[in-house]
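Based on the provided sequences and hints, a complete structural model is requested.
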Amino acid sequence: MNQVKSFEAKVKRLGVFKKVYVYEIDGLLIDTGAHSTFKQLLPFFEQLSVEQIALTHIHEDHSGNAHWWWKNKQVPIYVHNLSLDYAQERGKYPLYRRLFWGNRLPFHAEPFPNLIETNNYQFQIIETPGHSDDHISIYEAENGWLFTGDLYITQKPKLFLSFESIPKTISSLKKLLDLDIDYIFCAHSGKLANGKQKLQDKLDYLLELKNTILDLHQKGYDKNEIVKQLFPKKSILIYLSQNEFSYERAVESILNND
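For the sequence shown, UniProt numbering begins at 1 and goes up steadily by one.
Incorrect hints may have been included.
Subject to a maximum C-alpha distance of 30 angstroms in a straight line, what follows is the list of computed DSS-like cross-link-like pairs (lysine-lysine) [stated by the list, open to error]: (1) LYS202 with LYS233; (2) LYS175 with LYS19; (3) LYS92 with LYS158; (4) LYS168 with LYS233; (5) LYS168 with LYS228; (6) LYS175 with LYS158; (7) LYS219 with LYS156; (8) LYS158 with LYS191; (9) LYS233 with LYS156; (10) LYS168 with LYS92; (11) LYS73 with LYS39; (12) LYS156 with LYS174; (13) LYS158 with LYS219; (14) LYS174 with LYS210.
Now the in silico label distances, taken between C-beta atoms and shown as ranges [what the hints assert, rightly or not]: (15) ILE238 with ASP133: 21 to 27 angstroms; (16) PRO94 with PHE17: 16 to 22 angstroms; (17) LEU95 with ASN194: 36 to 42 angstroms; (18) ILE153 with LEU48: 20 to 26 angstroms; (19) LEU230 with LEU48: 39 to 45 angstroms; (20) LYS73 with LEU207: 40 to 46 angstroms; (21) ASP180 with LEU99: 37 to 43 angstroms; (22) PHE231 with GLN197: 21 to 27 angstroms; (23) GLY220 with LYS71: 56 to 62 angstroms; (24) GLU142 with LYS234: 45 to 51 angstroms; (25) ILE236 with GLN3: 34 to 40 angstroms; (26) PRO113 with LYS223: 41 to 47 angstroms; (27) LYS234 with LEU48: 40 to 46 angstroms; (28) GLU117 with ILE238: 42 to 48 angstroms.
It should be emphasised that the hints constitute simulated quantities derived from the structure, not laboratory data. As the structure is a prediction and not an experimental result, all values here were calculated from the model. Heads up, the beta-carbon is just placed ideally off N, CA and C, and yes, glycines get one too.
Structural data, given as structure tokens:
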């Protein structure tokens, strides 16, 4: 039986350091990494015998090298139905993300089948919106492997992107916790043991954050006052992203239930 292969690519730009992981198992490549990491990834890509590619979502740090695979290897690339048209366009996203992750060129994508089959494994495709509406997770039941894209990343996030939904993330985590999970394979934190507990810990944190925000709101605190109470420290990422990352989004998402 094959085991999961992984590659850790590193990016440092604008004073910020990030890791991006791509995974391959039995001919299935999960995510393609950012185009800014292509030179790091190419030797890894060239040693693989990839037959199909699954993108956990269309964001450029996951789909950034899909164009190379489409142009050079002609393997099927699966994305969520919501992103089929966007995949065929050049990626459009803010300047700081282009500087950090590089440009995402167009590629041809196909909709996910209900089940991805390889020679030795079957992978379930599970819709897990929250980080983005097109986000999916990939589950291999026999080994308890769960590929979580950007659903997990960290147990206690403070900053949230303007399009992220905490209520949807909570629902997605609850759905995944019905599964038997040994390891999670995160796109930015790597392979993590005790995967089910990791997801439970994040769910507990988000539920506590939700209850605290609702409690402060009920006491008469407005959005800005809640932010000052819960997130007193400033982050350089807020300024670099021109507020695409913010503390305010956590409060808005919970109060507006979106």
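Numbers of the earlier hints that this structure fails to satisfy, in rising order: none
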